[in-house]
Every structure is written in structure tokens, then in C-alpha cells.
Amino acid sequence: MSSPILEARAICKSFAGVRALKGVSLAVHPGEVLAVIGENGAGKSTLMKILAGVQAPDTGDLLVDGVGRSIRSVQEALSLGIALIHQELNLAETLDVGANIFLGREPHRWGWIDAGRVSREARAVLGQVGLLVDPGTLVSTLTIGQQQLVEIAKALSVKARVLIMDEPTSSLSDHETQVLLRLIRELRAKGVAIIYISHRLGEVHGIADRVEVLRDGENAGHLSRSEISHAAMVKLMVGRELSQFYPHQTHPSGEVALEVRGLRTAAYPAHAVSFEIRAGEVVGMAGLVGAGRSELLQALFGVVPALAGTVRVAGVPVIAASPRDAMAAGLALVPEDRKHDGLFLEMGVRENLSIATLHRDQRVGFLNRTKERDLCAEMIPAMRIKTPNTEQPVQFLSGGNQQKVVIGKWLATRPRVFLLDEPTRGVDIGAKQEIYRLMEELAAKGVAVLFVSSDLEEILGMSDRVLVLHEGRLNGELSRSELSEEAVMRLATGGNHSTAVAAS
Amino acid sequence: MKKIFGILGLLIAVCLVTASLSDSFLSAYNVENVLRRSALFGILSIGVAFVIITGGIDLSLGSVVCLVGCALPWLLTVQHWPVPLALLAVVALSLGIGLFHGLLITKLRIQPFIVTLCGLLLYRGIARGFTADQTVGFGNEFKSLRLLATGKVPFFPGFDLPAPLLFLAVVAILAAVFLNRTIYGRYLLALGRNPQAATYSGISTQRMTILAYVVSSGLAGLGGVLFVLDVNSAQPVDFGSFYELYAIAAAVLGGCSLRGGEGSIVGVLVGAALMQVLRNMITLVTTRNNVEFAIIGAVILLGVVADELTRRIAAKRRAAQVLQGATAA
Chain G
1 MSSPILEARA
11 ICKSFAGVRA
21 LKGVSLAVHP
31 GEVLAVIGEN
41 GAGKSTLMKI
51 LAGVQAPDTG
61 DLLVDGVGRS
71 IRSVQEALSL
81 GIALIHQELN
91 LAETLDVGAN
101 IFLGREPHRW
111 GWIDAGRVSR
121 EARAVLGQVG
131 LLVDPGTLVS
141 TLTIGQQQLV
151 EIAKALSVKA
161 RVLIMDEPTS
171 SLSDHETQVL
181 LRLIRELRAK
191 GVAIIYISHR
201 LGEVHGIADR
211 VEVLRDGENA
221 GHLSRSEISH
231 AAMVKLMVGR
241 ELSQFYPHQT
251 HPSGEVALEV
261 RGLRTAAYPA
271 HAVSFEIRAG
281 EVVGMAGLVG
291 AGRSELLQAL
301 FGVVPALAGT
311 VRVAGVPVIA
321 ASPRDAMAAG
331 LALVPEDRKH
341 DGLFLEMGVR
351 ENLSIATLHR
361 DQRVGFLNRT
371 KERDLCAEMI
381 PAMRIKTPNT
391 EQPVQFLSGG
401 NQQKVVIGKW
411 LATRPRVFLL
421 DEPTRGVDIG
431 AKQEIYRLME
441 ELAAKGVAVL
451 FVSSDLEEIL
461 GMSDRVLVLH
471 EGRLNGELSR
481 SELSEEAVMR
491 LATGGNHSTA
501 VAAS
Chain Y
1 MKKIFGILGL
11 LIAVCLVTAS
21 LSDSFLSAYN
31 VENVLRRSAL
41 FGILSIGVAF
51 VIITGGIDLS
61 LGSVVCLVGC
71 ALPWLLTVQH
81 WPVPLALLAV
91 VALSLGIGLF
101 HGLLITKLRI
111 QPFIVTLCGL
121 LLYRGIARGF
131 TADQTVGFGN
141 EFKSLRLLAT
151 GKVPFFPGFD
161 LPAPLLFLAV
171 VAILAAVFLN
181 RTIYGRYLLA
191 LGRNPQAATY
201 SGISTQRMTI
211 LAYVVSSGLA
221 GLGGVLFVLD
231 VNSAQPVDFG
241 SFYELYAIAA
251 AVLGGCSLRG
261 GEGSIVGVLV
271 GAALMQVLRN
281 MITLVTTRNN
291 VEFAIIGAVI
301 LLGVVADELT
311 RRIAAKRRAA
321 QVLQGATAA
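Quick note, the sequences are listed as chains G and Y, same order. For the first sequence, the working numbering gives the first residue as 1, with consecutive numbering after it. For the second sequence, the working numbering gives the first residue as 1, with consecutive numbering after it.
Don't read these hints as lab results, they were simulated from the structure. Because the structure is a prediction, the values reported are computed rather than measured. Please note that a few of the clues may not be correct.
To be verified - Where chain Y lies over chain G, by a calculated footprint (3+ residues, C-beta under 8 Å):
no., stretch
1, 220-233
2, 337-350
3, 355-361
What the hints assert, rightly or not - Stretch by stretch, here's where chain G covers chain Y in the computed footprint (C-beta under 8 Å, at least three residues):
no., stretch
4, 17-31
5, 49-56
6, 202-211
Here a beta-carbon is modelled for each residue, glycine too, at the ideal position from N, C-alpha and C.
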């Protein structure tokens, strides 16, 4: 085999004290498709950003054609022939396709953009990716899939020798996926090296020459072409000890507290989801990013309208057209993005804690200041919120304490059904454990708890039962006795229930 | 709170400077006059403060003042409507305008700037239309009605309080109680801070936003009535012209952030008074009224720059404290 065109050696990278990469190595050769897989948070995207110059590594070496290089910017990476197609689209929607393809390196003469050349060359690369639109088309009028192809065309136009694709198919239709996979094979035949990140193991199986598996920011192992199989990949992606970190106890479950029948969300209108949760149960909802978990919780809570379906809380039908309706029915939601959706950052702890219960505690429209003070006196010690006083703006609290404020605000509403979306994201380990303890206490009090998490350990550690979503579909349900990381991953990547349980 | 002290200090400083430069500043006549103007503009400023607190803006209120200010004498003297009916009509008109703005902003999601900018053009145009650009006024009639704005309440011998000050007092107390003591006031502030989190917390953000625009236009309507009763007649071409900017400037000087979520009624009142004292100073001290806008613009800019600088210094100090705490621990 030829020598590697791009090689990373012992790359380390930390963010705010969290080690995202702990000495990862990787090499890719010309004319090869290297698939990089791993769970959410394994460090794949971070590694790719480092290869493409978006972020700088803390330590470690990058070699291009065997020569050590420090790639400090996207421009440098491009000049070395390394192009990254981001997971999130990075197009200027209000510009046309041609302008996007040449953004930042427009062919020009005397300061004027050479429109003819833009159009000609854009047409050529668009033809390569099989996207037959005029370069003058506005990007905002294209479908997400077409926009993805524009991104790829953009990467082709720089004549990349190494093309890094971070989940390129996550928003593509089947047909568009097929076009893309054919294109990748063509590029490979021309000697381009391709690093391909995907959660879709089927695709990986179909296209990869080699698979590199990352886990917790480290190399977990690799598979050669002949070794690639669904089972082998899942085994490498998971497979670690479950710590004694989780205070889980089996709960005697009561009546059905939340019943969801045929719920359809705007994210996946084709799939109706049905499930029920009993009082005192802690149910985890697993799935890959983009599987439609958050959308489901948001529809339940009335943040976005559900397209169809019925929801009952303790047997009573609920039509949640707004969070207010959902609250009245006894639901609470701790949102995924606490800074954006959960907190009033400049306001104090007191005002944040009481905001959801002001309405209940009002005295004919007036604030009930006694109740508000009592609430702080109760919640701050109970939640162990570390704050100098009740008036401290929450923006000055740590992530964990901020999250406890959000949870406390919803505890105050005394919900029957507690929905949590990624409850421990960006939270330090101590606060994590306290959040787990709270979830346990809630269940013990007979509250039905449904939590979404991308942290498999957390799903396994905390759940009485796990619902697994795959591309908007409820792909399976695992009881505690059936639970294993392999089983969850199989269901989350589209496998069926019987093989998922049998394999583990 | 610190913000209010800063602006209050500026107000006192401007008062002292003016008093030292002009003998007539402290005369009973002038003080009454400044108080009357401050009260009228204070009412408008409180209205627009509600909108600014939600993170919006209302550019239309000068034109609402014009429309109401022209409609009232027109209805009374040209159409010969009875007084209560005419008052009811202008109240309904101004509240209706606010409702209209609020619905466009929340239901159609049109930006407040655009909606109220169109309102600014629309309402003045309508006023100029139905009056055919002719001055409308009360002439020598409706003296008792005009007392609402021109009347005086004996305060102590030789000095009376202008009637609009009483209106302002009522409006300010109601507004302050609403903002600080009711759950809806808290909702309004929360909505201005983070509309997304407000929605997630079960607040009907649309209703609160509409309410803010109704309050703004409603108080602009009240202001329009009092303004026209005060000066007796209105010229549709320029009646209430630039008033929205005086009101917005007063609210911002008084501590309302255009980012939303911040503001106190007391601050707005001080801001409104500062604007009027400045105008008064220019009239009394200089012989040139034409530099009025330049001076007002400069003072507002200075105030806002000073506020931003103190905020940065405070933030730095806080960061240093946190850092110290972290290294100590």
C-alpha cells in the first residue's frame, strides 16, 4: 500500500477541562475510504475539525505526505488539499450556488468577480456531484439534501486530495444518498482519500475500505475491509464497564401516567410513535443525534405542534397547543439547551426558580412574594444549588448549578410526568450524580420520568426501560433485563429487536 | 438602581447649570411649564418603555399623538360629537392601533421596527387626510375640558401643580405596580430577557407582547389628548413630530435596554424630565433654538457611553473577583 497522504499522531484536545481527545492516531491513504465511527461524544467531529484546521490540537502531530505540518487555519488545510464538509451546513443561504462554491476565493480581475468563470466552473463541479441546478439559484430555495451536495461541490472545486465528510447523509433522501455514495466511489477511483463519518453502519459497510473506531476520545480499534460487519463495529463502539455511579433502583410501577398514541412530529411526519409510561418509572429514550427524540419531547410539551396523535396524562386527554397547556396537564420539560430555552441568564436565581409557578401562586394577578421566598428557601438547599444569594444572576453559576435551577423550577410545579432532554449535558460529575439522585427521588414519589440522553452509560444506568428511536421511528423497547450497550446501539442504528437482544 | 442614580445626578447637574446661567429657570412660571411638558412626555415614555422592555420598539407614537390630537378637536368642533363619545372614540382608536401592531408583530411575525415605522407614516397621513392639512382646534370652546391639561392644582401659595402631572402620577404608579408587583410584569421582563425560555416556562408570550403595544399606543393616545388640550390646536403636518424619539430617548436614558428585559418606571420618569430640562435650558440659555437636536443628541450619547463604560468596568471587576476566588480555592 502507498504511504499515507494524511496522518494524525497522538492528537490530544481539551475543552474547558474536558478531554475530548486523548492521543488519537489516524492515517488515510490516497484512493481509500476510511470510515470513522463511534458513539455521540466519542470525539469524531473534534478530530475532523483538527484535521481540517478548524481547531488546533493541544498536542500531537499532523503529517501531510509524510511531512510534519501545523495546520492552523482552514485556509492552510485547503492549500494542502484537505477539505471538510461539516455536519451542519455552512452555506450562506441568501447567496446563490455559484457564490457559495467560490466563497472567499472568488476568481477576480481588477477586484471584479469574474462571473463567467464562476458560472462555468460551478457548473462543472455541480455536474460532478449530479446536482443539475443553475449556479444562479439561491441556496435557500434548495432542499437540505441539495444544499449538502452544494457543500460537496464546493469541496471538489478546491481539488481536494483529502475529503472529510462528517455525517454527509444525515439529511439526505435515499436517492440523494445513492448519488453521493456513487460520487465517493468515483472520487476514490481518482485517487482522492476520503474520511467518512457516519452513524449509519449499513452505509459504512457498503463503502468503507477500512473502519477506525473511536471511543471516549481514544482509538478503540480498527477493522480491515474483510473484518467489517455490523456486529464487529458495534462491539468496538461500546464495550466498557458500567460503573457503580448510578443510584438506580427498581421501582414498583403504578398506573399509566403518560400515554402517547400515534404521535407524529414535523421532523418525521411519516412515523407515528406510541408508548406509555407508568407512574414511578424512569424511562430512557435513546437514539442517535437527529433520531427525533428532542422533537418528540417538544411536541409532548406543546413547544412545537404535534401533527397527529393523542396524549393522555393519567387517563385525561391533553391537547398541548402550548407549554402552558402541557403544564396545566401535569407535564414538565427540562429542555436540551438550558441557556437558550431554560434560563433567564441575567435574572436572579429566585426569579428563575419561580417563573413557572407565579401563575399558580398568584394573588389575583399580584406576585405572591412570600411563596416566592419559601420556594427559594426550599429549593436551594434541596437541590444543593451553590449560589451566594437568591438574587445572583444565573449566568454567574456553573453549568451544573444552572441545570439544577432549571430542574428546581419544574419540580416546583409538582408535575406528574417529568420530561428531561439531555439532563446532564455540560454538567460536571458531581452535579451529574445529584441530578441522577433527583430523578430517582422523583420516581420514588410516583412521578413518571422520561429522559432523552445521548450518553449510553446514563441510559443504561438510570433506566427501568429504554425506548430506542431510529430516524423518527420507535425501533424497539428494551426492558432492564434486556439492556446492554450493544442492544441499544443496534436498535439505534436500525437493527431489529430480536437480533439486538440476542447479540448481547 | 445605580443606573437611576447616574441619570438623576445628570438631571440635577443640568438643573444647577441652567439655574446658574438663567434667572428665569427657577421662576414659578418656568418650573410649572417644565413640569407640564415633562409630565406629558413622561406619559409617552412610560408607554414606549413597556414595548422596549419586551425587546421591541414603537416608532409610531408621535403619529398616534398627531392622529388623536387632530381627531379629538375635529370630532368635537367639525362633527359636533358629544364630549364623552369623542373621548371614547379616541381611546378606542389608540387602543385599537396598539392591538393592530401587536397582532402583526406576534401573529404574522413582522419586525416591530417595520410595523411601527409604517404606523408612523400611516397615522400622520390619515390625520393630514381627514383634516385636509388644516389646523384643527377648540377655539374658545371646551374650556372646562381643556382644564384637564391646562388646569392647576394649588400646591403651596404662589406655586401650583400642572394637571398633567396628576395624570402622570396615576399612570406611573399603575405602571410601576404592574411591572414590579404583578405576575404579568414579571412575565414582561422575562419575555424581554429570553422569549424562548419564557415560552418554555408557560408564559403566553404573544399575549404579553400584544399587551405591551396596546399600553404604548394607549398612553400615546392619552398623551395626544392632553397635548392638544394643552396647546388648544393641532397642525397635522407637525403635531407630535419627533415625539417618539424623545420618548425612546427618555426610556433609554432611564435605564431601558433596547435588548429588552430591563427598565424601571422611576428611571423613565427621570429620563423624560432630563429631556425637557435640556430643551428648556437651550431655550433659556442660548438664543439659538436650532442647536436643540445637536445638544440633546450629544447628551444622550454621552449618557449611554458612560453607562456602557461603567458596565464594562463592573464586569471586569467581577471577572477578577471570580478569578481570585478560583485561584484561592
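Hint check:
1. Counting residues of the stretch 220-233 of chain G whose CB lies closer than 8 Å to any CB of chain Y gives 0, so the stated coverage by that chain is violated, three being the minimum.
2. With 8 residues carrying a beta carbon less than 8 Å from a beta carbon of chain Y, the stretch 337-350 of chain G meets the three-residue requirement, and the given coverage holds.
3. As drawn, the stretch 355-361 of chain G meets chain Y at 4 residues by the rule of a beta-carbon pair under 8 Å; at three or more, the given contact holds.
4. Judged by the Cβ-Cβ criterion of 8 Å, the stretch 17-31 of chain Y is not covered by chain G as claimed, because only 0 of its residues qualify and three are needed.
5. Counting residues of the stretch 49-56 of chain Y whose C-beta sits closer than 8 Å to any C-beta of chain G gives 0, which falls short of three, so the coverage hint is violated.
6. Counting residues of the stretch 202-211 of chain Y whose C-beta sits closer than 8 Å to any C-beta of chain G gives 3, which meets the bar of three, so the coverage hint holds.
The earlier numbered hints that this structure contradicts are 1, 4, 5.
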